[in-house]
Amino acid sequence: MINDVNLNYLSPEIAMVALAIIIILGDLVIKNRQLLTLITFAGLLVPVMLTINLWGTTGESFNGALVVDQFALFFKFLVMFAVFIVILSSQDYLHRFTRYTGEYYGLILLSAAGMMLVAGTRELISMYLALELTTFSIVALAAFLKTKESTESAIKYLVLSAVTSAVMLYGIVLVFGLTGSTHFHGIAEWIGNSNVSSTSLILDSGTLGDGAIGFIGFLFILAGFGFKVATVPFHMWVPDVYEGAPTPITAYLSVASKAAGFAILLRVLYEVFQPIQPDWQLLIAVLAVISMFTGNLLAIVQSNIKRLLGYSTIAHAGYILIGVTVGNTLGQSGVLFYLAVYTITNLGAFASVIVISNLTNSEKTSDFIGIGRVAIFPAIVLTIALISLTGAPPTAGFIGKVYLFNAAVQSDYTWLAIVGVVNSVISAYYYWKVIRIMYQSSGASTDTSGDPNGNRVSASMNISLGIALVGILILGIAPDWILGFVENAVAIVQTTYPTA
Amino acid sequence: MESVTGAIAFWILAVAIIGCAVLVLTVPNIFHSALFLVGCLGGIAGIYILLNADFLAAVQILIYIGAVAVMLIFGIMLTQDVVKSNVSNHYRIPALGLSGAFLVILLTAIFGTNWQTQSPSTEASTGSIADALFSNYILPFELSSVVLLTAIIGAIVIAKER
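For the record, the sequence lines run as chains V and P.
Under the numbering used here, the first residue of the first sequence is numbered 1, with each subsequent residue one higher.
Under the numbering used here, the first residue of the second sequence is numbered 1001, with each subsequent residue one higher.
Just chain V, same shape as in the assembly:
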């Protein structure tokens, strides 16, 4: 009965889940936390090696439910990189919940397995389950601190993700009912043959075609993705969840979850709904514009650094949606490159926030006064990361934005590029305000250096800060190698199902 099963294609995810189970079981017998962390890092090499092993392979398995291509592999690497940095930067944070170290690592790895699968699935039910796997782990991780704020953030994330999941499931049902297939190629084939268009819904309400219900289903599925990547109508959860969750989990949520969301968004839009692109292109552009403005304008008034970065991630989802709107090779590779840039930059920013807020015992930006003189290295990393988020040279963010805006201009979306530039200028205000506060001289809080709690920065923390710093600068100065790679990656998605 089982035909077409190639477990080799699923091996990175299987290794990830196996590692999670080993860590959780190992937690029962291994009392030494350091050893458990070491085992996690060593074990993380296995899925990495298995992914490298799949390098250059293109193929499908499980009757088309699972696909291996450069696009999926790119996101698998991105997610595993994020896991690596998040676990590294958790080391100075773990003392808050030592008892659950094993479960903490295990849930991060399980969630990573879900995200890796999201990037490589071509079937709606698998896609839904992989997204749920991602969400469930993050809900539990958000509640880890067991404070009022942490619990609140977990409940908010759970309830809102349940609502959007229900909406997305209804969309999946409508699309399945119309097309008779949950596989992407089946749906794409149906759309190609039927010549549907949603314009019948909007323009000519007298004669509703099949397109109407399909488009409603499509919109519902889009709402589910919108929640994952935190674009504007579905962004309400971001500030509270980001503030309440443990900081490493906030970092993880802001990069890996968003990357996985954009992976499946690109794949669904351009593999399945490519034929009706004129119907949704403007919609995505509008989402991009309101996400950028909402994120940036609300970030200005934030006093908590985690909330500030939360609103900034909404704005960045907006920038990335510019590339999604444009959609040709240039736009799509811009999305992939920007996600790589954004991942490393945001991980650097959150890692330094962990160190700095450990020192000041506060997450308020106003308490960061003079921290540039006390915690020299974290402050430098945060400064570079914020410059990169603004999009100024010589950092990675500059190249990422130039690439995205260029893609928009080349495809006659100059107005989108202009909106993007305007927003970058707005964002400079609140990013640079944080930098200014850090280097302000006000002797008031510099005495934290003599804190008896011994808030020294661990070696692993410094390593993750160092990796982020080097990464931001390398992607900013010599981005050619990764640009060539992302262009290859999206070429495969574009040519898989030629439009009918």
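Rather than coming from a laboratory, the hints here were simulated on the basis of the structure.
Don't take every hint at face value.
[What the hints assert, rightly or not] Where chain P lies over chain V, by a calculated footprint (3+ residues, C-beta under 8 Å): (1) 62 to 75; (2) 98 to 111; (3) 131 to 139; (4) 168 to 180.
[Claimed, not checked] Lysine-lysine pairs mimicking PhoX-like chemistry, simulated, CA-CA at most 20 Å apart: (5) P:Lys1160 - V:Lys148; (6) V:Lys31 - P:Lys1160; (7) V:Lys433 - V:Lys364; (8) V:Lys156 - V:Lys146.
[Claimed, not checked] Over the 10 Å line for every Cβ pair with chain P, so calculated as not near, a few chain V residues: (9) Leu38; (10) Leu44; (11) Val48; (12) Trp55; (13) Lys156; (14) Leu160; (15) Ala162; (16) Leu282; (17) Val289; (18) Thr383; (19) Pro393; (20) Ala417; (21) Ile463; (22) Gly466; (23) Val470.
Please read all numbers here as calculations on a predicted model, not as lab measurements.
Glycine residues also receive a C-beta, built at the ideal position from the N, C-alpha and C atoms.
Mind docking chain P on chain V? Use the hints.
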């Protein structure tokens, strides 16, 4: 559902389901809401039986009435404050308007669509569902076990004290 009795049964169930759903929202006691929800879910199981989807009907009764609804009732009874009051808020009118508009859009679209239909098969469906789960849909099937594992681990961590 070709026969007259089938049609009569469908309309009785349909009216019962919608009636229960409306009552879930309108009765003042939240405990009664939960009981009407059970009626609503049971009616849907009845529709599954009409469609010869025997397995789905059994699952609907076992999981939704047997597990979900019972857990819901336990939750209500263990949470003292909510037993008597059904939380109400100021958004009643806007919400009604929004969901009404949504209903109109959805109904127009549903009636304007050429659905691919086929008459329900008369064979027992359990076998063919099993075949599909273990061949075409083996990936989501296996994946759901990992999702459940994650949910269990997460629930345990949240439930235990620090």
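Consistency of the hints with the structure:
Coverage of a stretch by a chain is defined here by at least three residues with a beta carbon nearer than 8 Å to that chain's beta carbons; for the segment 62 to 75 of chain V and chain P the count is 4, and the condition holds. Judged by the Cβ-Cβ criterion of 8 Å, the segment 98 to 111 of chain V is covered by chain P as claimed, because 7 of its residues qualify and three suffice. Taking a C-beta to C-beta cut-off of 8 Å, the segment 131 to 139 of chain V contributes 5 residues in contact with chain P, enough for the three needed, and the coverage statement holds. Under the rule that three or more residues need a Cβ within less than 8 Å of chain P, the assignment of the segment 168 to 180 of chain V holds, with 3 such residues.
A hinted pair counts as satisfied when its Cα atoms are at most 20 Å apart, and Lys1160 of chain P with Lys148 of chain V qualifies at roughly 15 Å. Among the hinted pairs, Lys31 of chain V with Lys1160 of chain P is consistent with the structure: their alpha-carbon atoms are about 19 Å apart, no more than 20 Å. At roughly 13 Å between alpha-carbon atoms, Lys433 of chain V and Lys364 of chain V fall within 20 Å of each other, so this suggested pair holds. Distance hint between Lys156 of chain V and Lys146 of chain V is fulfilled; the C-alpha atoms sit about 14 Å from each other, no more than 20 Å.
A cut-off of 10 Å between C-beta atoms confirms that Leu38 of chain V is not in contact with chain P; the least separation is 22 Å. The Cβ of Leu44 of chain V lies farther than 10 Å from every Cβ of chain P, with a closest approach of about 18 Å, so its non-interface assignment holds. With a minimum CB-CB distance of about 20 Å to chain P, Val48 of chain V clears the 10 Å threshold, and the non-interface call stands. Interface exclusion of Trp55 of chain V from chain P stands, the closest Cβ pair being 22 Å apart, more than 10 Å.
No Cβ of chain P comes within 10 Å of the Cβ of Lys156 of chain V; the nearest lies about 14 Å off, and the non-interface call holds. Listed as a non-interface residue, Leu160 of chain V keeps its Cβ farther than 10 Å from every Cβ of chain P; the least gap is roughly 17 Å. Annotated as non-interface, Ala162 of chain V keeps its C-beta farther than 10 Å from every C-beta of chain P; the closest such distance is 12 Å. Chain P leaves Leu282 of chain V outside its interface by the beta-carbon criterion, the shortest separation being 19 Å against a cut-off of 10 Å.
In this structure Val289 of chain V is separated from chain P by more than 10 Å, as the shortest Cβ-Cβ distance comes to about 24 Å. For Thr383 of chain V, the shortest C-beta to C-beta distance to chain P comes to about 35 Å, beyond the 10 Å cut-off, and the non-interface label holds. The non-interface label for Pro393 of chain V is consistent with chain P: the shortest C-beta to C-beta separation is roughly 42 Å, beyond 10 Å. Its beta-carbon lying about 34 Å from the closest one in chain P, Ala417 of chain V satisfies the requirement of being farther than 10 Å from that chain.
Remark: the non-interface label on Ile463 of chain V is consistent with the geometry, its nearest Cβ contact in chain P lying 27 Å away (cut-off 10 Å). Gly466 of chain V, annotated as away from the interface, keeps every beta carbon of chain P farther than 10 Å; the closest lies near 31 Å. Every Cβ of chain P is farther than 10 Å from the Cβ of Val470 of chain V; the closest lies at roughly 33 Å, confirming the non-interface assignment.
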